[in-house]
Amino acid sequence: MILQADGLRKLYGEFCALDGVSLAVDTGEFVSIVGPNGAGKSTLINILTGVTRPSAGKVRFKDREVGGAGPVRLARLGMARSFQLVQVFPDLTVLETLQAAVVARLGRATRLFASLARDREVQSDALEVAELFGLGDKRHTPARQLPQGDKKLLDIASAFALRPEIILLDEPTSGVSTADKTAIMDTLVTASRRIGLRAIVQVEHDMDIVFAYSDRIIALHQGKVLADGPPATILADQRVMDTVIGRKAVAPGTPSC
Numbered sequence: 000m001i002l003q004a005d006g007l008r009k010l011y012g013e014f015c016a017l018d019g020v021s022l023a024v025d026t027g028e029f030v031s032i033v034g035p036n037g038a039g040k041s042t043l044i045n046i047l048t049g050v051t052r053p054s055a056g057k058v059r060f061k062d063r064e065v066g067g068a069g070p071v072r073l074a075r076l077g078m079a080r081s082f083q084l085v086q087v088f089p090d091l092t093v094l095e096t097l098q099a100a101v102v103a104r105l106g107r108a109t110r111l112f113a114s115l116a117r118d119r120e121v122q123s124d125a126l127e128v129a130e131l132f133g134l135g136d137k138r139h140t141p142a143r144q145l146p147q148g149d150k151k152l153l154d155i156a157s158a159f160a161l162r163p164e165i166i167l168l169d170e171p172t173s174g175v176s177t178a179d180k181t182a183i184m185d186t187l188v189t190a191s192r193r194i195g196l197r198a199i200v201q202v203e204h205d206m207d208i209v210f211a212y213s214d215r216i217i218a219l220h221q222g223k224v225l226a227d228g229p230p231a232t233i234l235a236d237q238r239v240m241d242t243v244i245g246r247k248a249v250a251p252g253t254p255s256c
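So that you can map any letter, position 23 of the sequence shown is 22 in numbering that gives the first Met the number 0, and since no number is skipped, the others follow by simple counting.
Because the hints were derived from the structure by calculation, they are not lab data. Some hints here could point you the wrong way.
[Stated by the list, open to error] No farther apart than 27 Å at their CA atoms in a straight line, the calculated lysine-lysine pairs in the DSSO-like style are these:
| # | residue 1 | residue 2 |
| --- | --- | --- |
| 1 | Lys61 | Lys223 |
| 2 | Lys57 | Lys223 |
| 3 | Lys137 | Lys150 |
Owing to the predicted nature of the structure, the values given are computational and were not obtained by experimental measurement.
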């Protein structure tokens, strides 16, 4: 068990965003968290990654309690995340963005990028990640000039540059075309195998993507776990399809009309 949460509860005043959520992620799993807007997905991933403290409950990462530890400490322990909205500096090039992540991983003092360019280890690691995500030819391109799909890839690549053991992704394919979604996911899976990533957890709305790539799906509704199981089980659960997805249970990719 690489990641575990027990009885997570989060209150914002009188509003209960999460109500007793428990989950476990095993080594080798690709887990998707789904649910309608307001189900508690973002709150859950924020708690798991140390951005938000739970009102109650515990989070354990590699058998260590880490609830509220903060994203910096968790990154050092081997957990990284990407965000729904792309979190890259628009004026930095692809290579500079990845160099910054490598420097953070190595725990080195901040330097000018001109100096980083002469650091062979930082340069080599950053370039390797750029190539891994198909961004090698664009390594000198400022992030603001990248198409949206490549910006998404750069955001995810920055998390991979931390060489985590587990990565949590918040809407990794939001805001991009259908073709780009598949390309992003294929690149993500290939990269995870190359660096020996132990597990992936994603929040995702596109159910075709969820069913195509997940080993297990956790469905949230009104701050609670409605269902937790492999794609075939979730697909056959009419309660989940009606409440969470809002359509009849049909095979992924099948027209609903």
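A quick look at each hint next to the structure:
no., hint, result
1, Lys61 - Lys223, "holds (24 Å)"
2, Lys57 - Lys223, "holds (16 Å)"
3, Lys137 - Lys150, "holds (11 Å)"
Hint compliance for this structure: no hint is broken.
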